[in-house]
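Working from the sequences, and respecting the hints, build out all of it.
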Amino acid sequence: MANMTNLYDSSKCTACRACQVACKNWNQLPASIKPFKGNYQTHEDTDGDTFTIVLMNEVDNAASGVDWNFAKFQCMHCLDAACVKACPKGAYTKTEWGATIHDPEKCIGCQYCTYACPFGVPKHRKREDKITKCTLCADRVTAGLAPACATTCAPGALKFGDRDQLIEEARDRVNYLQANGFPNATIYGINELGGLNKLYILTDSPDKFGLPVNPKTYGTINFWQNWVQPYFGWLIPVALGASAVSFITTRLMADKHQEHPVEGGHE
Amino acid sequence: MTNHMIDLKNTNVALIMGSNMAENHPIGMKWLTKGRLDPKRQTKIIHVDPRFTRTSAVADIYCPMRSGTDIAFLGGMIKYILDNELYHKDYVVNYTNAAFLIRDDFDFQDGLFSGYDAAKRSYDNTSWDYKYDEAGNIMQDPTLQDPRCVFQLMKKHYSRYDIDTVCSITGSPKKKYLEVLKLYCSTGAPDKTGCINYAMGITQHTVGSQNVKSFAVVQLLLGNIGRAGGGINALRGENNVQGATDMALLFQYLPGYIDSPTASDKYKDLISYIRTTTPGAAKLPFTNLAEFRAIAAAGIKYSGWRANTSKWIVSLLKGWYGDAATEANDFAYHYIPKRNDTKNYSHIALFEAMHKGEIDGLFINGSNPVVGGPSANKEQTALTKLKWMVSIDLWLNESAEFWSHTAWERAVDNEKVSRLTPKDINTEVFFLPAAAVYEKEGTAAQTGRWVQFRWKGADPVGESKADLWIYNELAKKIKALYKDSKRPEDEPITKLTWGYDGHDEEEPDILKVANELCGFNVATGRPVEGFAQLKDDGSTVCGNWVYCGATTWKDDKMIYKPQLRKKDDPSGLGLFPNWSWCWPVNRRIVYNRCSVQPDGVTPWPGDSDRLVWWDPTKPADAAKPDVLGTWAGWDVPDFIKTTGPDKPAFKDPFIMRPEGKGCLFGTRASFKDGPFPEHYEPWESPIAPIINKQAMNPATKVWEPDKQGKAEEYPIIATTYRVTEHWQTGALTRNLPWLAELMPNMFVELSEELARDKGIKNGSKVIVSTTRGDIEALACVTKRFKPFKVAGKEVHQIGMLWQFGFKGYATGDIANRLTPHIGDANTMCPEYKAFLCDIRRA
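Quick mapping for you: the protein sequence lines, in order, are chains A and B.
Read the first sequence against my numbering and you will find it ends at 267, with the numbers running on by one and no gaps.
Read the second sequence against my numbering and you will find it ends at 842, with the numbers running on by one and no gaps.
Don't read these hints as lab results, they were simulated from the structure.
It is possible that part of the hints are untrue.
[Stated by the list, open to error] Distance condition first, Cα-Cα at most 30 Å in a straight line; then the derived BS3-like pairs of lysine-lysine: (1) A:Lys34 / B:Lys301; (2) B:Lys707 / A:Lys208; (3) A:Lys34 / B:Lys758; (4) B:Lys477 / B:Lys387; (5) B:Lys416 / B:Lys758; (6) A:Lys208 / B:Lys789; (7) B:Lys44 / A:Lys159; (8) B:Lys34 / A:Lys159; (9) B:Lys783 / A:Lys208; (10) B:Lys566 / A:Lys159; (11) B:Lys356 / B:Lys283; (12) A:Lys208 / B:Lys356; (13) A:Lys159 / B:Lys30; (14) A:Lys34 / B:Lys624; (15) B:Lys647 / B:Lys343; (16) A:Lys208 / B:Lys175; (17) B:Lys477 / A:Lys208; (18) B:Lys672 / B:Lys268; (19) A:Lys208 / B:Lys476; (20) B:Lys283 / B:Lys647; (21) A:Lys159 / B:Lys567; (22) B:Lys761 / A:Lys208; (23) B:Lys765 / A:Lys208; (24) B:Lys44 / B:Lys131; (25) B:Lys476 / B:Lys338; (26) A:Lys208 / B:Lys758; (27) B:Lys761 / A:Lys37; (28) A:Lys34 / A:Lys130; (29) B:Lys34 / A:Lys37; (30) A:Lys37 / B:Lys624; (31) B:Lys624 / B:Lys301; (32) A:Lys208 / B:Lys174; (33) B:Lys707 / B:Lys789; (34) B:Lys40 / A:Lys159.
Note that the structure is predicted; figures quoted are calculated from it, not measured.
Next comes the structure, spelled out in structure tokens:
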């Protein structure tokens, strides 16, 4: 099965954030009301109860005075996903159509995925001690529906479909935008991290939208996947040994300290 | 809207001015963006606004403009069109009053039109009229050269609006302003159309009506009215505001925009009413309805479609008073209440009267004046002077709880602001829980005049009831109280028809209301198929003539057209004639006669989108197949079907107007403040007038002279607005957690420059003050507000949401505690959009 995904077009988005509400509605997520901090964006980042937000960035522009750039932000469903590699319990899987699925039953709330993710997307939901994130509405997609966000999008900024076809459409659109006032228009998600299963048409470079220009996974991620996880069983005796060594050295150090009182202590 | 939402996809250039369309009309905006992707239209979007909004973010051009300077901005556009001959000449000569000559005593000096009375702050409009020849015909000069013709007078009037003067008033960067002029005025080409979309940013000013009138002048000059992709599109602030206006929400009207009578000679009986409201009837010789009918049948000169007013008022009276309304008793005309001729009954005036203790009781229905009313401190105090108040709403909103302790908390101690406690307040308050839109059935007339039926989706929560149920029960109880009365003064109640109960008398039948509104024949009970069939002899009933034709009879039952849901669109222009129903008579684009050339057949050069045309080969009436020639087309023609090339009115597309033309010059009583729009500064302005000698609109009533803020004390311009996340006063949305989280607190937007001057940090608390009060809010320091260069000096503007209050999940101070009690000269629409304030760190 081909990869299925959302194509987001920043030139059409009006940041109405209906996608955020539709996401909460479909996933029955409680509101996370946080005080206003001086930006329409209100949620600085995704959180345990907020799978998607619209980034809203004000950027100086010599010609127009200011640009207000919008970008819908959520799990990028990376084709080669760091979270899948980082999770010690195998809670993450990829569907055959490209969605990265997280299984809360297996999740132990360790948050390694949060730190491994180049976008910092998976978030810890304290009250359950579980990680949550966008599911690409896998439950809807497998039932033949488009994701809730794409279904509700009034200005037509979100389109769900076959990734390869959407890439073709995105190329046409970017060509048009480049010729019509947006010379820096670009596609985001084709090659980043070996390909994201979320595609973006951006009217300017990704940093102007609050997206990392060249996202990277930590080098250690492969070490985790290739060494730590397969030999996880070794970790316990190794850790025990290390504790024993630490115990001995610490005690020896403590003894030495007793022999040499801290200077100036008498005053 | 002259056009409708879907028609926006047909435009070449859209000018969005005084509207944050992407935020407040997101679904309408969708149709504009569709046009952008259409290779035939390649729609360009211009946004003109004091601040950069989410609409600006998706516009092709954004041009800043200081609040309250729309007429200067548009006056400069009018001059640019005239100077560069960008107007659509054939259209202007044939379809507007450009060629009409104006009386010699009409004049304009120092910002005042002829006939001004400074003591009364009003005009005698006698001189604002056409010149008539001895035969009683309006004199014209189709060459547009006569110095007294409208075209030349207009040219003279706007000669003062040169680009430098305009930019020094509006504060727009000259380069941007020129870009706007060039792009928008390109729609004067006959093969192009442009639409203007506006909202409260245009109307909520002391010059609100004239702001809209400026649009009319621009659009008529560019030939953009009555055509697909053109129009002046009022984006109504609520879905059914159009319906409410149709049903006489405005105090000066009865349903269907016909005059509500006053207690004066002009309206003393039905014949006087007809004489006053029928254009051209003032001096005609008739003393009773029979004589009037004979005169009307022969035709009244310069009357237009309003020559039918007698039919509309009689059919209305017949609906209200049934058998008690007969020709012998003036169709019970004396039953309807008459207004005091000297009084104003608009929102501001009502609350001023309430504040003086002149009003005992108030019903508040789906409204929240403690948050939404201008000068909300005063309006909240006014509610305490009532004996009783009934609030009908989904939630206990701020107005329902105006008496509570929280309602009188203020961020700043200000001796000028009254602070009460519940024990000081004697108003008895009733609360009736109302059903939400999805919990009841009925129609909503949207901004494009489409009357759409909505079926009930869920049962109301708890004891909440539909508004119709509430008013049906109320009316039945009132009638029961008077049922034994024989007093003549009680007849307006005892004789009132009221029969809307459904089968079980518990639930009213909404289709019975629809039947009366849309009209039926008294003898048969069958629907009247269109307003042309209404009569003034008591044989037809019609509660609102503009809704006539929404019902029909088929297969032995009434078909209510707002329930239609067919998706056929044969023209491809998005008219969708069988989806719901649109007033008048399902005409989707009004003045559509203008979509073809004066010959009635040919589309404008290069344009293929004609909406209607004259077809000489077909009969207008199937019953008279020999009489050939009729108006036909994709849309319902906005024209009398049988008016062919042999009749002088063939080239008069504006059938509601007495002269049949689009008015560049608004004659006589069209406007209270002048026949041409003239820029006046807002009531509270940071600068002295530049373009004339008037400090403000000379015809506006000043209610509270002592409350006028001066620039020395309050140097910063303020404006108010909504965001997409909240709805109106927020009663609905601030109670919904998923929306509350998107805009959780009251905030004030200000520029980085002003924030620096005042030492205000982004996200910190600030106090905003005017002469009316003070509020506390969080600062939103943004690049999207920039200082204006006005009259050679730097002027700051801030903006704030008027959607917050003390109830719900998302709370904050009420911005309208700052706004003034002053309104437009014509409508009294409050000046929420431009006033003076000061801001400081909290």
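Here is what the structure says about each hint:
1. For the hint linking Lys34 (chain A) to Lys301 (chain B), the alpha-carbon distance of about 66 Å lies beyond 30 Å, and the restraint is violated.
2. Of the supplied pair hints, the one linking Lys707 (chain B) and Lys208 (chain A) is violated, its CA atoms being roughly 46 Å apart against a limit of 30 Å.
3. At roughly 26 Å between alpha-carbon atoms, Lys34 (chain A) and Lys758 (chain B) fall within 30 Å of each other, so this suggested pair holds.
4. A hinted pair counts as satisfied when its Cα atoms are at most 30 Å apart, and Lys477 (chain B) with Lys387 (chain B) qualifies at roughly 20 Å.
5. A distance of roughly 25 Å separates the Cα atoms of Lys416 (chain B) and Lys758 (chain B); the hinted pair therefore holds under the 30 Å criterion.
6. For the suggested pair Lys208 (chain A) and Lys789 (chain B), the alpha carbons sit about 29 Å apart, so the restraint of at most 30 Å is met.
7. This hinted pair checks out: Lys44 (chain B) and Lys159 (chain A) have alpha carbons roughly 23 Å apart, not beyond 30 Å.
8. With a C-alpha separation of about 15 Å, the suggested pairing of Lys34 (chain B) with Lys159 (chain A) holds against the 30 Å cut-off.
9. A distance of roughly 15 Å separates the Cα atoms of Lys783 (chain B) and Lys208 (chain A); the hinted pair therefore holds under the 30 Å criterion.
10. A distance of roughly 26 Å separates the Cα atoms of Lys566 (chain B) and Lys159 (chain A); the hinted pair therefore holds under the 30 Å criterion.
11. The suggested pairing of Lys356 (chain B) with Lys283 (chain B) is violated, with an alpha-carbon distance near 42 Å, which exceeds 30 Å.
12. Between Lys208 (chain A) and Lys356 (chain B) the CA atoms are separated by roughly 56 Å; this puts the pair beyond 30 Å, and the hint is violated.
13. Distance restraint check for Lys159 (chain A) and Lys30 (chain B): the Cα-Cα separation of roughly 15 Å lies within the 30 Å cut-off, and the hinted pair is therefore satisfied.
14. With a C-alpha separation of about 72 Å, the suggested pairing of Lys34 (chain A) with Lys624 (chain B) is violated against the 30 Å cut-off.
15. At roughly 43 Å between alpha-carbon atoms, Lys647 (chain B) and Lys343 (chain B) are farther apart than 30 Å, so this suggested pair is violated.
16. A hinted pair counts as satisfied when its Cα atoms are at most 30 Å apart, and Lys208 (chain A) with Lys175 (chain B) qualifies at roughly 26 Å.
17. Restraint check: the Cα-Cα separation between Lys477 (chain B) and Lys208 (chain A) comes to about 64 Å, which exceeds 30 Å; the hinted pair is violated.
18. With a C-alpha separation of about 24 Å, the suggested pairing of Lys672 (chain B) with Lys268 (chain B) holds against the 30 Å cut-off.
19. With a C-alpha separation of about 63 Å, the suggested pair Lys208 (chain A) and Lys476 (chain B) falls outside the 30 Å cut-off, and the hint is violated.
20. Restraint check: the Cα-Cα separation between Lys283 (chain B) and Lys647 (chain B) comes to about 25 Å, which is no more than 30 Å; the hinted pair holds.
21. Restraint check for Lys159 (chain A) and Lys567 (chain B): satisfied, since their Cα atoms lie roughly 24 Å apart, inside the 30 Å limit.
22. At most 30 Å may separate the alpha-carbon atoms for a hinted pair to count; Lys761 (chain B) and Lys208 (chain A) meet this at roughly 23 Å.
23. Between Lys765 (chain B) and Lys208 (chain A) the alpha-carbon distance is near 28 Å, which keeps this suggested pair within the 30 Å criterion.
24. Only pairs whose Cα atoms come within 30 Å are accepted, and Lys44 (chain B) paired with Lys131 (chain B) is rejected, the gap being roughly 41 Å.
25. For the proposed pair Lys476 (chain B) and Lys338 (chain B), the alpha carbon gap of about 23 Å is at most 30 Å, so the pair holds.
26. Proposed proximity of Lys208 (chain A) and Lys758 (chain B) is supported: the alpha carbons are some 29 Å apart, at most 30 Å.
27. Between Lys761 (chain B) and Lys37 (chain A) the CA atoms are separated by roughly 10 Å; this keeps the pair inside 30 Å, and the hint holds.
28. Simply put, Lys34 (chain A) and Lys130 (chain A) have alpha-carbon atoms about 21 Å apart, close enough for the 30 Å limit, and the pair holds.
29. Between Lys34 (chain B) and Lys37 (chain A) the CA atoms are separated by roughly 35 Å; this puts the pair beyond 30 Å, and the hint is violated.
30. Only pairs whose Cα atoms come within 30 Å are accepted, and Lys37 (chain A) paired with Lys624 (chain B) is rejected, the gap being roughly 72 Å.
31. Note on Lys624 (chain B) and Lys301 (chain B): the hinted pairing holds, with a Cα-Cα distance of about 27 Å set against a maximum of 30 Å.
32. A threshold of 30 Å between alpha carbons decides the hint, and for Lys208 (chain A) with Lys174 (chain B) the separation of about 28 Å falls inside it, so the pair holds.
33. Distance hint between Lys707 (chain B) and Lys789 (chain B) is fulfilled; the C-alpha atoms sit about 27 Å from each other, no more than 30 Å.
34. For a cut-off of 30 Å, the pair hint linking Lys40 (chain B) to Lys159 (chain A) stands: about 23 Å separates their Cα positions.
In terms of the numbered hints stated before, the structure departs from hints 1, 2, 11, 12, 14, 15, 17, 19, 24, 29, 30, listed from lowest to highest.
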